[in-house]
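Listed below, chain by chain, are the residues.
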Amino acid sequence: MDLINDFRDKDLIFSLSNLIQKKSKKPLNIMEICGGHTHSIMKFGIHKLVGKNINFIHGPGCPVCVMPRSKIDAAIKLASMDNVIFTTLADMLRVPGSTSTLQKARSQGHDIRALYSPLDVIQIAKDNPDKKVIFFAIGFETTTPMTAVVVEKAIELGLKNLFFHINHVTVPAPVRALMNDENVKIDAFLGPSHVSVITGSKIYESIANDYKKPIAISGFEPVDILDGILNLVEQGENETYKVYNQYKRAVKLEGNLKAKELIDKYFKICDFEFRGLGNIPNGGVDLKDKYSYLNAKFVFDCNVESKKESKACICGEILKGRAKPYDCKIFSKVCNPQNPIGSCMVSSEGACAAYYKYAKENV
Amino acid sequence: MKNILLSHGGGGEEMNELINELIFKYFDNEILKETNDSAILKIDGEIAFSTDSYVVTPIFFSGGDIGKISVCGTINDLCMVGAKPLYLSVGFIIEEGLSFDEFEKILSSMSKIAKENDVKIVCGDTKVVPKGKCDKIFINTSGIGKIIHKIETKNIKNRAKILISGDIARHGSVIVAARDEINLESDLKSDCRSLKDIVMALFENNIYPQAMRDATRGGLSAVLNEWANFNKIEILLNEESIKVQDEVMGICELLGFEPYDLANEGTFVLAIDEKDSKKALEILKNFNENASIIGEVISDKNSRVILKNPYGVKRFLEYPKGELLPRIC
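For the record, the sequence lines run as chains A and V.
Using UniProt numbering, the letters of the first sequence map in sequence onto residues 1 to 363.
Using UniProt numbering, the letters of the second sequence map in sequence onto residues 1 to 329.
Some clues are possibly wrong.
List time: in silico SDA-like cross-link candidates among lysine to any residue, alpha-carbon distance up to 20 Å [what the hints assert, rightly or not]:
#	chain 1	residue 1	chain 2	residue 2
1	A	K104	V	K243
2	V	K243	A	D2
3	V	K314	A	K104
4	A	K357	V	P320
Rather than coming from a laboratory, the hints here were simulated on the basis of the structure.
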């Protein structure tokens with residue numbers, strides 16, 4: 001099976017599009033939790049293939065978008081210390097803090113390196129025993145297990161110069177926080193695929209039950225997404241609230257047990273401030289207390305005074321489905337991918353960035 | 001193993017040895033060997049003049065090396081304005097420690113491509129910088145060519161067909177896959193090549209494009225957006241006609257890149273009068289079966305590029321922006 005072309009098959013896409021439009025009798029607000037889905041929906045024009053009853057709401061599931069200024073400011077402070085090699089995954093380089101970005105800090109001469117795999121930081125630490133190497137760990141459940149592997153390796157190898165600036169977040173907590181907001185109008189969820197490979201589909205069952213909303217976990221290809229939407233339309237019409245696993249080729253009910261064990265071994269749940277959404281109880285994970293000696297926030301001084309988010313930015317409203325990127329007065333003017341003001345414009349997978357790139361106007 | 005030392009750039013005996021025994025061995029022609037401060041050239045009629053610097057990492061990659069690119073790149077820039085490339089200059093900035101073997105391999109591939117294209121390397125410069133001050137080797141080439149038929153971007157007209165000479169994004173994908181940080185295993189080869197034969201074949205068949213541009217850094221999207229902005233035209237592309245190899249698509253999907261933004265080093269875009277477009281396509285296909293007509297100019301206002309996907313949905317094809325950084329999840 002061709003894992004790209006078969007899932008972009010024109011005839012199949014038209015069939016699914018027709019079926020969705022035929023079966024969709026009433027308006028349905030679907031939140032795609034994951035930024036990857038937002039990106040795919042806009043890139044492939046899926047929002048134009050599903051009929052007028054379907055309204056997409058772009059959720060908080062982009063690890064770059066949800067990173068608050070304070071965390072970036074702390075990262076820049078750590079990266080600017082003497083004798084430090086600061087490492088992170090590439091997208092994070094351009095996320096704006098209060099006054100700068102890691103990319104700008106790098107241009108000022110600080111040793112800031114973008115990694116393709118978190119495990120590369122082990123070699124960097126081995127190769128530079130006289131430097132302090134800091135790994136800025138970010139992402140949802142997708143990337144957390146890899147950080148756990150790096151922590152485990154660092155302990156096994158007895159590396160004394162490797163530290164972790166942990167900013168991992170979880171999917172269920174911000175989803176619940178959104179649903180507990182009475183202003184949010186969400187009828188159904190497109191569940192994240194990569195996250196679900198780790199967590200399994202079961203973790204969404206309580207959300208579906210508690211809020212009486214159907215959830216379809218889908219892959220990122222057009223056929224995947226349309227198949228997931230068709231299921232949500234059917235469930236919406238039938239008023240059922242089940243979790244549909246469309247992405248069976250990768251997602252199991254219980255997820256990746258080994259990865260989950262690793263996460264439990266090294267991490268504990270904590271509160272986390274989400275950019276655009278504010279503090280979310282149990283929204284993040286941090287290293288367990290017994291590994292504090294690896295935790296950059298205890299080893300170094302991370303205190304910074306951060307500026308508040310721009311008042312003109314309406315990312316919070318966009319993430320709640322109460323506004324579209326076009327509704328924002330600074331969208332594509334002051335706020336654009338070169339100068340992102342709000343969280344949704346920061347990463348290519350943010351809602352505003354996806355609208356900016358793929359659908360600035362209707363053509 | 002013999003390595004380049006700082007003294008090889010010092011202007012003394014070692015430098016003289018490097019130039020006379022190694023560089024002249026590969027760039028052997030009467031004009032260069034005159035060793036004047038400037039090359040003295042005879043050219044009649046209109047000339048084209050172009051320069052470019054090459055800083056590619058890694059310096060050796062599947063389908064080419066920094067030497068091959070540096071010669072092909074300037075040859076192609078000259079060809080794109082309808083010139084027959086004649087003379088090149090070359091400037092080397094070499095990092096102390098580069099091995100003689102590597103340098104010789106680069107010189108050899110430059111010499112081979114230049115000879116194949118009947119182009120002479122007539123002047124040059126060599127500098128050696130301390131370790132860490134550059135990345136192994138940087139090369140600048142400038143070139144002069146004789147205009148055969150002047151081709152200029154400003155000539156693109158409404159209803160012109162947009163053609164591409166092959167599949168896209170291979171060079172960019174090869175480089176990304178080859179970098180140490182990623183180290184993806186792939187059989188993919190860069191499209192790095194001279195475009196001289198193809199352009200001359202078009203001219204020999206009386207096909208004179210309105211505009212031509214090799215889609216190097218910034219890829220197809222940069223070329224078309226430049227054309228759209230410069231001429232205030234609207235270009236409609238048919239996504240299905242733009243060929244992308246499966247491996248290239250796989251790399252793009254893995255890292256979150258768009259093939260339209262990735263570099264090509266031997267693929268060019270043409271704007272051609274509708275009546276000539278089929279004949280031009282036949283000629284292009286003799287060199288690469290993936291050549292195709294990918295769209296047309298649909299309006300002489302708006303300055304934008306629209307991409308229509310196989311499902312009939314349209315979106316803007318934007319300029320590539322910022323550093324190409326892989327996505328996180």
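(Q) Checking each numbered hint in turn, tell me which of them this model violates, lowest number first. (A) 1, 3
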